[in-house]
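Protein chains in written order, with this note's numbering: chain A, 1 to 471; chain B, 1 to 471.
Accuracy of the hints is not assured; some may be wrong.
Unchecked claim - DSSO-like mimics (lysine-lysine), calculated; alpha carbons at most 27 Å apart, straight line:
1) B:289 - A:393
2) A:458 - A:438
3) A:298 - B:55
4) A:393 - B:393
5) B:366 - B:298
6) B:207 - B:239
7) A:4 - B:55
8) A:438 - B:289
9) B:286 - A:289
10) B:438 - A:289
11) B:393 - A:279
12) B:55 - A:462
13) A:413 - B:286
14) A:438 - B:286
15) B:416 - A:186
16) B:279 - A:458
17) A:393 - B:279
18) B:248 - A:55
19) B:416 - A:289
20) A:55 - B:239
21) B:438 - A:393
22) A:296 - B:186
23) A:393 - A:366
24) B:257 - A:413
25) B:467 - A:296
26) B:416 - B:366
27) A:289 - B:458
28) A:279 - B:462
29) A:186 - A:207
30) A:393 - B:55
What the hints assert, rightly or not - To give an idea of the interface, some chain A residues facing chain B are shown, with a C-beta separation under 7 Å as derived from the structure:
31) 16
32) 44
33) 246
34) 324
35) 341
36) 373
37) 375
38) 376
Since the hints were derived computationally from the structure, they do not count as laboratory data. Cβ atoms here follow ideal geometry from the backbone N, Cα and C, with glycine treated the same way.
Number of protein chains: 2
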Amino acid sequence: MANKPSIPKGTRDFLPEQSLKRQFIFDTARSTFQLYGYQPIETPAMENLDTLLGKYGEEGDRLVFKILPRGEKLNKLVQSVVGLSESSETDFKQLNPNASSFVSINIGDEALRYDLTVPFARFVVQNQNELSFPFKRYQIQPVWRADRPQKGRYREFYQCDVDVIGSDSLLNEAELLCIVNDVFSKLGLGDIVIRLNNRKILSGIAKAAGLGGYFTDMTVAIDKLDKIGIEGVREEMIKRGLPESGVKKALDHINRKGDIDNVLRMLSGSLTGEAEAQKGIDEVRKVLKALPMEVKQKVQLDLTLARGLNYYTGAIIEVGHAAFPSSICGGGRYDDLTGIFGLPGMSGVGVSFGADRIYDLMEELKLFPDSLSTSGEVLFVNFGEAEAEACLKLAAQLRMEGYSSEVYPDAAKMQKQMKYANSRGFHFVALIGSEELKQGQVTIKDMRSGDQYAVLQKDLVKFILDKTSDE
Amino acid sequence: MANKPSIPKGTRDFLPEQSLKRQFIFDTARSTFQLYGYQPIETPAMENLDTLLGKYGEEGDRLVFKILPRGEKLNKLVQSVVGLSESSETDFKQLNPNASSFVSINIGDEALRYDLTVPFARFVVQNQNELSFPFKRYQIQPVWRADRPQKGRYREFYQCDVDVIGSDSLLNEAELLCIVNDVFSKLGLGDIVIRLNNRKILSGIAKAAGLGGYFTDMTVAIDKLDKIGIEGVREEMIKRGLPESGVKKALDHINRKGDIDNVLRMLSGSLTGEAEAQKGIDEVRKVLKALPMEVKQKVQLDLTLARGLNYYTGAIIEVGHAAFPSSICGGGRYDDLTGIFGLPGMSGVGVSFGADRIYDLMEELKLFPDSLSTSGEVLFVNFGEAEAEACLKLAAQLRMEGYSSEVYPDAAKMQKQMKYANSRGFHFVALIGSEELKQGQVTIKDMRSGDQYAVLQKDLVKFILDKTSDE
Numbered sequence: 001m002a003n004k005p006s007i008p009k010g011t012r013d014f015l016p017e018q019s020l021k022r023q024f025i026f027d028t029a030r031s032t033f034q035l036y037g038y039q040p041i042e043t044p045a046m047e048n049l050d051t052l053l054g055k056y057g058e059e060g061d062r063l064v065f066k067i068l069p070r071g072e073k074l075n076k077l078v079q080s081v082v083g084l085s086e087s088s089e090t091d092f093k094q095l096n097p098n099a100s101s102f103v104s105i106n107i108g109d110e111a112l113r114y115d116l117t118v119p120f121a122r123f124v125v126q127n128q129n130e131l132s133f134p135f136k137r138y139q140i141q142p143v144w145r146a147d148r149p150q151k152g153r154y155r156e157f158y159q160c161d162v163d164v165i166g167s168d169s170l171l172n173e174a175e176l177l178c179i180v181n182d183v184f185s186k187l188g189l190g191d192i193v194i195r196l197n198n199r200k201i202l203s204g205i206a207k208a209a210g211l212g213g214y215f216t217d218m219t220v221a222i223d224k225l226d227k228i229g230i231e232g233v234r235e236e237m238i239k240r241g242l243p244e245s246g247v248k249k250a251l252d253h254i255n256r257k258g259d260i261d262n263v264l265r266m267l268s269g270s271l272t273g274e275a276e277a278q279k280g281i282d283e284v285r286k287v288l289k290a291l292p293m294e295v296k297q298k299v300q301l302d303l304t305l306a307r308g309l310n311y312y313t314g315a316i317i318e319v320g321h322a323a324f325p326s327s328i329c330g331g332g333r334y335d336d337l338t339g340i341f342g343l344p345g346m347s348g349v350g351v352s353f354g355a356d357r358i359y360d361l362m363e364e365l366k367l368f369p370d371s372l373s374t375s376g377e378v379l380f381v382n383f384g385e386a387e388a389e390a391c392l393k394l395a396a397q398l399r400m401e402g403y404s405s406e407v408y409p410d411a412a413k414m415q416k417q418m419k420y421a422n423s424r425g426f427h428f429v430a431l432i433g434s435e436e437l438k439q440g441q442v443t444i445k446d447m448r449s450g451d452q453y454a455v456l457q458k459d460l461v462k463f464i465l466d467k468t469s470d471e
Numbered sequence: 001m002a003n004k005p006s007i008p009k010g011t012r013d014f015l016p017e018q019s020l021k022r023q024f025i026f027d028t029a030r031s032t033f034q035l036y037g038y039q040p041i042e043t044p045a046m047e048n049l050d051t052l053l054g055k056y057g058e059e060g061d062r063l064v065f066k067i068l069p070r071g072e073k074l075n076k077l078v079q080s081v082v083g084l085s086e087s088s089e090t091d092f093k094q095l096n097p098n099a100s101s102f103v104s105i106n107i108g109d110e111a112l113r114y115d116l117t118v119p120f121a122r123f124v125v126q127n128q129n130e131l132s133f134p135f136k137r138y139q140i141q142p143v144w145r146a147d148r149p150q151k152g153r154y155r156e157f158y159q160c161d162v163d164v165i166g167s168d169s170l171l172n173e174a175e176l177l178c179i180v181n182d183v184f185s186k187l188g189l190g191d192i193v194i195r196l197n198n199r200k201i202l203s204g205i206a207k208a209a210g211l212g213g214y215f216t217d218m219t220v221a222i223d224k225l226d227k228i229g230i231e232g233v234r235e236e237m238i239k240r241g242l243p244e245s246g247v248k249k250a251l252d253h254i255n256r257k258g259d260i261d262n263v264l265r266m267l268s269g270s271l272t273g274e275a276e277a278q279k280g281i282d283e284v285r286k287v288l289k290a291l292p293m294e295v296k297q298k299v300q301l302d303l304t305l306a307r308g309l310n311y312y313t314g315a316i317i318e319v320g321h322a323a324f325p326s327s328i329c330g331g332g333r334y335d336d337l338t339g340i341f342g343l344p345g346m347s348g349v350g351v352s353f354g355a356d357r358i359y360d361l362m363e364e365l366k367l368f369p370d371s372l373s374t375s376g377e378v379l380f381v382n383f384g385e386a387e388a389e390a391c392l393k394l395a396a397q398l399r400m401e402g403y404s405s406e407v408y409p410d411a412a413k414m415q416k417q418m419k420y421a422n423s424r425g426f427h428f429v430a431l432i433g434s435e436e437l438k439q440g441q442v443t444i445k446d447m448r449s450g451d452q453y454a455v456l457q458k459d460l461v462k463f464i465l466d467k468t469s470d471e
């Protein structure tokens, strides 16, 4: 292979420093989730195609990566193509609307997971007899989407989901907001803004404004507020055929700003006849009441928040940070999460942390701790076989005390070994030449201070321990 | 969907207890690797097909999972099928030898990673300017193989690889054996057997026996020794056309047993004229010399070890355990790891831990620590809104001290809440009813001892701390 090797577009390699930082985010999330009693699960990368299709809308279905069948199945597939069977024409046309209509391919019956929510619902139904409810789970795994790659958007990325299923108590919403606050605080991102909405309020607003029959159109328009502004939303609604008087009423409600308790009071007053809106308002109040002040003060009511409204039924949550343009965490309540897999009446609520975005934000704000560096602690320079043998023993002793230590594998030129020590950022370089070997000594160079010490080999561990605990 | 949902054959869901145990294995490996200065990397699940194909032999190529192309690419594919282009006939025939020959499919140009070694080689070449050599990396990620699923063999499983590239020093082999010993000792599997071989010795034996031209046939036969015994190997060799006298000579060498230093001495004496064999013997001796006694005594020279000989060029390593039928770790030295991607002369050596097998073995021997259980520490029973509010505050205090704590989300019947407490294995159940609320108290039930205590709410953290540090 003469060409420089490459990887598929939209995918990434992670170098050691990046991997360690990613691991730090995941470990922080994991330990927090566990403190709240959430338990890890893992699901396979591949799901049956019928588990995934139809769950993400038409656009989502197109972005699911399918796996090519093997052996006998592929044979059948080819026969069906060559035989021009008409059975599954729609499938191919959906994949590519410009395709000629006389051929269709219904290829593959397995696919890569597109998110963690649908596999979780499938998991709960399939393993329901092994679980105790309410079941609180977290899951940190990659997902794949055949999206057009662009800055900050990848075809493979990690999701980090935390959900509770089997309880409709609003304490769950409150608990998740506490988890959100804890995770971000531990990552140094305590100054988040938590935007909260409730589908029932939005729905009540639509009804009160006479837009009950246009609910989806209304929310699709509102969802674009960030991009097109309030006037743009108004135009979009009217373009979609919503009556102008209703649009005005709805937008007056939605555009309310200010202290969250005040806004709820005003809304409640102006939507007195709307039972559903009142229920939504009551839900938001209950969530707020269960929050410690530290978290509550980060919560804003944002009635323009309509993300994924097609399946959220109660709370809608989105977390933002002033230094980042898009949300870094989001989720909500869905009253019938597992119904699609034959287990009705299971209410779930959860949030998903955007690990890649959090990484980018932390990198920008320089929030990763220095201790995450790939630096080793002690590098033993290799002067030859006999000297290296002494080094190996000392390195093993240091590791027993938790110090990462390496013996340079080759008796290479000093310059080359020191270059390695520098590039890897070792704190100490240890030298045992023929003289030190005879004397039972080791020369230690502190690469940060430049100081040099002659230490007895038998005192080395204590020396390093003292040196590092000084700091 | 009426049917019970399922997952693709050969894949698995992991329940919380399993996930925690898997995580324990990975964390143990990771922390050990880092002590030795190995650094984590991650590569994408998908690689370009031409990165993978041709690297795993004909059988391996067939087992690579391909990804279906999207949009325009799929369109072109279908046109080529319908147009019966002859360009890529071989590809499809290779996939399915029974297929009619008039149609071919050259589908997909991306595939799921089949192991971590080839992606690592690709990674090193692609990112060479970002790395300092020798580069010591570990990688813990899933791989996918379209193998026929059976007990203990999955289509998705984790590999846990540790390699050093860019140094041909035998200290690396020794270091890896120390890592192997450390990881398994930390997992409670210190009584491993490390089988060591060297391709150069095998090659020298073949030459000395006049089988130099039959090296591959010889090693393929030897590789089956476990299954067919020494007589079976002899028959297989003869069936493959190896001269009988040579077969006898080779098997006499290969069958030597006993103390490793003795065997090396005998081999060295009887292969005096074979420079390559002598080099191999010398390599094994140097590796042994660099090992601490604790590790050396676990090493056996096993000349029948021929795993993956087609690319190993020096050491071949396999780790076994008396309580498990197959190897739980293996690897070796390959002198030109990155040459296939255009960067020649990079020698690499590494081992791969079989996480799934290690899991099964640890489960069988009950080696997972009790602390890995999914049990929470404190469950607060929910008696209603006001009581729950007090519980939420206490639970938050306990979490600050590192105790996993939950407030049951609903004011459900006592029986239901206690059932949850039992199934989740909580150590303590905390009760704040209306009476406790008035008195600022909390009733604590120790679920292990059955003892019950009345504790002031303000003293709860200290109480739990005392109780748990007693144990």
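Status of the hints after comparison with the structure:
A distance of roughly 12 Å separates the Cα atoms of residue 289 of chain B and residue 393 of chain A; the hinted pair therefore holds under the 27 Å criterion. Distance check on the hinted pair: residue 458 of chain A and residue 438 of chain A sit about 14 Å apart at the alpha-carbon level, within 27 Å; holds. This hinted pair does not check out: residue 298 of chain A and residue 55 of chain B have alpha carbons roughly 54 Å apart, beyond 27 Å. For the given pair, residue 393 of chain A sits about 51 Å from residue 393 of chain B by alpha-carbon distance, which is inconsistent with the 27 Å threshold.
Distance hint between residue 366 of chain B and residue 298 of chain B is fulfilled; the C-alpha atoms sit about 22 Å from each other, no more than 27 Å. Straight-line distance between C-alpha atoms of residue 207 of chain B and residue 239 of chain B comes to about 19 Å, which keeps the hinted pair within the 27 Å bound. At most 27 Å may separate the alpha-carbon atoms for a hinted pair to count; residue 4 of chain A and residue 55 of chain B meet this at roughly 17 Å. Of the supplied pair hints, the one linking residue 438 of chain A and residue 289 of chain B holds, its CA atoms being roughly 20 Å apart against a limit of 27 Å.
Under the criterion of a C-alpha separation no larger than 27 Å, the hint pairing residue 286 of chain B with residue 289 of chain A is inconsistent with the structure, at around 69 Å. Between the alpha carbons of residue 438 of chain B and residue 289 of chain A the distance comes to roughly 20 Å, so the proposed pair stays at or under 27 Å and holds. For the proposed pair residue 393 of chain B and residue 279 of chain A, the alpha carbon gap of about 26 Å is at most 27 Å, so the pair holds. A distance of roughly 49 Å separates the Cα atoms of residue 55 of chain B and residue 462 of chain A; the hinted pair therefore is violated under the 27 Å criterion.
Taking the CA atoms of residue 413 of chain A and residue 286 of chain B, the gap is about 21 Å. The hint holds against a cut of 27 Å. As the CA atoms of residue 438 of chain A and residue 286 of chain B are separated by approximately 22 Å, the hinted pair is consistent with the 27 Å bound. Taking the CA atoms of residue 416 of chain B and residue 186 of chain A, the gap is about 34 Å. The hint is violated against a cut of 27 Å. For the hint pairing residue 279 of chain B with residue 458 of chain A, the CA-to-CA distance comes to about 35 Å; that exceeds 27 Å, so the pair is violated.
The straight-line distance between the Cα atoms of residue 393 of chain A and residue 279 of chain B is roughly 26 Å, inside the 27 Å bound, and the hint therefore holds. Restraint check: the Cα-Cα separation between residue 248 of chain B and residue 55 of chain A comes to about 65 Å, which exceeds 27 Å; the hinted pair is violated. Distance check on the hinted pair: residue 416 of chain B and residue 289 of chain A sit about 25 Å apart at the alpha-carbon level, within 27 Å; holds. About 57 Å separates the Cα atoms of residue 55 of chain A and residue 239 of chain B, which puts this hinted pair outside 27 Å; it is violated.
Distance restraint check for residue 438 of chain B and residue 393 of chain A: the Cα-Cα separation of roughly 64 Å exceeds the 27 Å cut-off, and the hinted pair is therefore not satisfied. For the suggested pair residue 296 of chain A and residue 186 of chain B, the alpha carbons sit about 44 Å apart, so the restraint of at most 27 Å is broken. Straight-line distance between C-alpha atoms of residue 393 of chain A and residue 366 of chain A comes to about 38 Å, which puts the hinted pair past the 27 Å bound. The hinted pair formed by residue 257 of chain B and residue 413 of chain A fails the criterion: a straight-line CA distance of about 41 Å is larger than 27 Å.
For a cut-off of 27 Å, the pair hint linking residue 467 of chain B to residue 296 of chain A is broken: about 33 Å separates their Cα positions. A C-alpha spacing of about 31 Å is found between residue 416 of chain B and residue 366 of chain B, which places the hinted pair above 27 Å, so the restraint is violated. With a CA separation close to 21 Å, the supplied pair residue 289 of chain A and residue 458 of chain B stays within the 27 Å bound. This hinted pair does not check out: residue 279 of chain A and residue 462 of chain B have alpha carbons roughly 40 Å apart, beyond 27 Å.
A C-alpha spacing of about 42 Å is found between residue 186 of chain A and residue 207 of chain A, which places the hinted pair above 27 Å, so the restraint is violated. Distance check on the hinted pair: residue 393 of chain A and residue 55 of chain B sit about 38 Å apart at the alpha-carbon level, beyond 27 Å; violated. Hint on residue 16 of chain A holds. Least Cβ distance to chain B is approximately 4 Å, under the 7 Å limit. Evaluation of the residue 44 of chain A hint against chain B yields a held restraint, the C-beta minimum of about 3 Å falling below 7 Å.
Here the hint on residue 246 of chain A is broken, as its CB sits about 37 Å from the closest CB of chain B, past 7 Å. Taken as an interface hint, residue 324 of chain A does not check out: its beta carbon lies about 23 Å from the nearest beta carbon of chain B, beyond 7 Å. For residue 341 of chain A, the suggested interface contact is upheld, since its CB lies about 5 Å from the closest CB of chain B, less than 7 Å. Evaluation of the residue 373 of chain A hint against chain B yields a violated restraint, the C-beta minimum of about 10 Å exceeding 7 Å.
Below 7 Å, beta-carbon pairs count as interface contacts, and residue 375 of chain A has none with chain B, the closest being about 10 Å; its hint is therefore violated. Of the supplied interface hints, the one on residue 376 of chain A holds, with its beta-carbon coming within about 5 Å of a beta-carbon of chain B, less than 7 Å.
The structure fails hints 3, 4, 9, 12, 15, 16, 18, 20, 21, 22, 23, 24, 25, 26, 28, 29, 30, 33, 34, 36, 37 (numbered hints given earlier, in ascending order).
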